[in-house]
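Residue numbers (this note's numbering), protein chains in the order written: chain A, 6 to 119; chain B, 481 to 589.
Hints listed in this document are in silico derivations from the structure and should not be mistaken for laboratory results.
Here a beta-carbon is modelled for each residue, glycine too, at the ideal position from N, C-alpha and C.
Be a bit skeptical, because a hint or two may be false.
Calculated from the model, a selection of chain A residues having no Cβ within reach of chain B, i.e. all distances over 12 Å [to be verified]:
1. 12
2. 25
3. 33
4. 57
5. 67
6. 68
7. 72
8. 78
9. 80
10. 87
11. 88
12. 102
Covered by chain B, per the in silico footprint, the following chain A stretches (three or more residues, Cβ under 8 Å) [unchecked claim]:
13. 15 to 24
14. 58 to 66
15. 104 to 110
Listed below are the residues making up each chain.
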Amino acid sequence: ETGVTQSPTHLIKTRGQQVTLRCSSQSGHNTVSWYQQALGQGPQFIFQYYREEENGRGNFPPRFSGLQFPNYSSELNVNALELDDSALYLCASSLGSGRGYEQYFGPGTRLTVT
Amino acid sequence: GIQVEQSPPDLILQEGANSTLRCNFSDSVNNLQWFHQNPWGQLINLFYIPSGTKQNGRLSATTVATERYSLLYISSSQTTDSGVYFCAVRRNAGNMLTFGGGTRLMVKP
Numbered sequence: 006e007t008g009v010t011q012s013p014t015h016l017i018k019t020r021g022q023q024v025t026l027r028c029s030s031q032s033g034h035n036t037v038s039w040y041q042q043a044l045g046q047g048p049q050f051i052f053q054y055y056r057e058e059e060n061g062r063g064n065f066p067p068r069f070s071g072l073q074f075p076n077y078s079s080e081l082n083v084n085a086l087e088l089d090d091s092a093l094y095l096c097a098s099s100l101g102s103g104r105g106y107e108q109y110f111g112p113g114t115r116l117t118v119t
Numbered sequence: 481g482i483q484v485e486q487s488p489p490d491l492i493l494q495e496g497a498n499s500t501l502r503c504n505f506s507d508s509v510n511n512l513q514w515f516h517q518n519p520w521g522q523l524i525n526l527f528y529i530p531s532g533t534k535q536n537g538r539l540s541a542t543t544v545a546t547e548r549y550s551l552l553y554i555s556s557s558q559t560t561d562s563g564v565y566f567c568a569v570r571r572n573a574g575n576m577l578t579f580g581g582g583t584r585l586m587v588k589p
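Construct the complete structure from the given sequences, taking the supplied hints into account.
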């Protein structure tokens, strides 16, 4: 059974650019959640996708957007990058979006904005 | 939103010592998970424990949902236990995990 994978592992972008991060969910999981972890802090929820629809969103601006594909893999897109967007971006998958579903995390993508 | 507080924020142990990490939360939850984040950033699932007690080797966890806290016990600590331990909860109405600030553990040989 393959776990959650993310690509790329590291990325350096310039302020104002756009970036796309990718996540493949664990086999059989139909729900993907994205989190942002700033240095020294706990992860913060960005949004969740369930069966290709956005299914909840945290306190992030609209320039953070996402997609989920029929195979349940997902993308996180960030437009007009700001210096504060520098962080570890974590993707998690679960068997469902309701209560009782444990989330499993990928290794993360470390984004640096200069 | 729900508040999640972890204590202590930092902990230094000698190899072989035991420790207890605490997680307090401010609202009813239907999901509570404990994670260990390794130096490379990977979050490793330790326990899914919305209530009750579980044990896995040298680690055990207890959640008392009615009193809104959870405890993670580490016995006979090893240097490989070093890292950051996070508690994360999900409210009854909602689908996101809210994380605490973490406990940074260093185990010295």
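Right, here's what the structure says about each hint:
1. 12: At about 14 Å from chain B, residue 12 (chain A) clears the 12 Å cut-off, so the statement holds.
2. 25: holds, 19 Å
3. 33: About 16 Å separates residue 33 (chain A) from the closest Cβ of chain B, which puts it past 12 Å; holds.
4. 57: holds, 15 Å
5. 67: holds, 18 Å
6. 68: Fine: 19 Å to the nearest Cβ keeps residue 68 (chain A) off the interface.
7. 72: holds, 18 Å
8. 78: Holds: least Cβ distance 19 Å, greater than 12 Å.
9. 80: Residue 80 (chain A) is indeed farther than 12 Å from all Cβ atoms of chain B, at 19 Å.
10. 87: Check passes; 21 Å lies beyond 12 Å.
11. 88: holds, 20 Å
12. 102: violated, 5 Å
13. 15 to 24: n = 0 at 8 Å, threshold three: violated.
14. 58 to 66: holds (count 3)
15. 104 to 110: The restraint on the segment 104 to 110 of chain A holds, since 7 of its residues have a Cβ under 8 Å from chain B and three suffice.
Violated hints, in rising order: 12, 13; the structure is consistent with all others.
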